[in-house]
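Trainee: Sequence:
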Amino acid sequence: MKNIFVSSLLLSLVSIVTLTNNQLAQAEIILFENEEDKQQEYKIKYCHPVTHEIVNEDPAYHPNAYVDGYRQGKRSFRGGKDYKPRTAGGEFGRGFDDGYFGRDFKGQKVTVPNKVSHYTTINCI
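Numbered by mature numbering (1 follows the signal peptide of the UniProt record, and there is no 0), the letters in the sequence shown go through residues -27 to -1, 1 to 98 in order.
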């Protein structure tokens, strides 16, 4: 009975220490030698995680695709450029055609939300 109590107490203590001792930042001591006077100096480097995000928007159906296409179509017509169908297609192409040929602004029908991807890097100071 005593062995079971001691082992369960030890297991509980180890699990608590393991779960509460998660450090996100690390410190690293770098030892280098100074060339001029050959003295050893210490430099401490701290590292911490940094989260970044990338916004990936669909060129044909992003939330402002029709507006962008309409504006570019009007600008191309005013500039006297020859008509070329847009390769992005979708709402952007429809907006470009409406703007180039002087049609009324109809607004966007289909919207695909932007995709946001997160990634984490380590930043050391």
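No lab work stands behind these hints, which were simulated from the structure alone.
Here the structure is a predicted model, which is why all the values come from computation and not from measurement.
Yeah, the Cβ is synthetic: ideal placement off N, Cα and C, and Gly gets one too.
Check before you lean on any hint, since a few could be wrong.
[Stated by the list, open to error] Each computed DMTMM-like pair below joins lysine to aspartate or glutamate, with the alpha-carbon atoms no more than 25 Å apart:
| # | residue 1 | residue 2 |
| --- | --- | --- |
| 1 | Lys88 | Asp55 |
| 2 | Lys18 | Asp55 |
| 3 | Lys54 | Glu26 |
| 4 | Lys18 | Asp41 |
| 5 | Lys88 | Glu30 |
| 6 | Lys18 | Asp71 |
| 7 | Lys18 | Glu30 |
| 8 | Lys47 | Glu26 |
| 9 | Lys79 | Glu26 |
| 10 | Lys79 | Asp31 |
| 11 | Lys88 | Asp77 |
| 12 | Lys47 | Glu30 |
| 13 | Lys47 | Asp31 |
| 14 | Lys57 | Asp71 |
| 15 | Lys47 | Asp70 |
| 16 | Lys47 | Asp77 |
| 17 | Lys57 | Glu30 |
| 18 | Lys57 | Glu26 |
[Stated by the list, open to error] Label-pair ranges, simulated between beta-carbon atoms:
| # | residue 1 | residue 2 | range |
| --- | --- | --- | --- |
| 19 | Phe78 | Asp55 | 39 to 45 Å |
| 20 | Lys54 | Lys82 | 22 to 28 Å |
| 21 | Val23 | Thr60 | 33 to 39 Å |
Trainee: Hint by hint, note whether the structure agrees.
Mentor: Consistency of the hints with the structure:
no. : hint                         : in the structure
1   : Lys88 with Asp55             : violated, 34 Å
2   : Lys18 with Asp55             : violated, 59 Å
3   : Lys54 with Glu26             : violated, 37 Å
4   : Lys18 with Asp41             : violated, 47 Å
5   : Lys88 with Glu30             : holds, 6 Å
6   : Lys18 with Asp71             : violated, 58 Å
7   : Lys18 with Glu30             : violated, 37 Å
8   : Lys47 with Glu26             : violated, 33 Å
9   : Lys79 with Glu26             : violated, 33 Å
10  : Lys79 with Asp31             : holds, 20 Å
11  : Lys88 with Asp77             : violated, 30 Å
12  : Lys47 with Glu30             : holds, 23 Å
13  : Lys47 with Asp31             : holds, 22 Å
14  : Lys57 with Asp71             : holds, 13 Å
15  : Lys47 with Asp70             : holds, 9 Å
16  : Lys47 with Asp77             : holds, 11 Å
17  : Lys57 with Glu30             : holds, 23 Å
18  : Lys57 with Glu26             : violated, 34 Å
19  : Phe78 with Asp55: 39 to 45 Å : violated, 23 Å
20  : Lys54 with Lys82: 22 to 28 Å : holds, 26 Å
21  : Val23 with Thr60: 33 to 39 Å : holds, 36 Å
The earlier numbered hints that this structure contradicts are 1, 2, 3, 4, 6, 7, 8, 9, 11, 18, 19.
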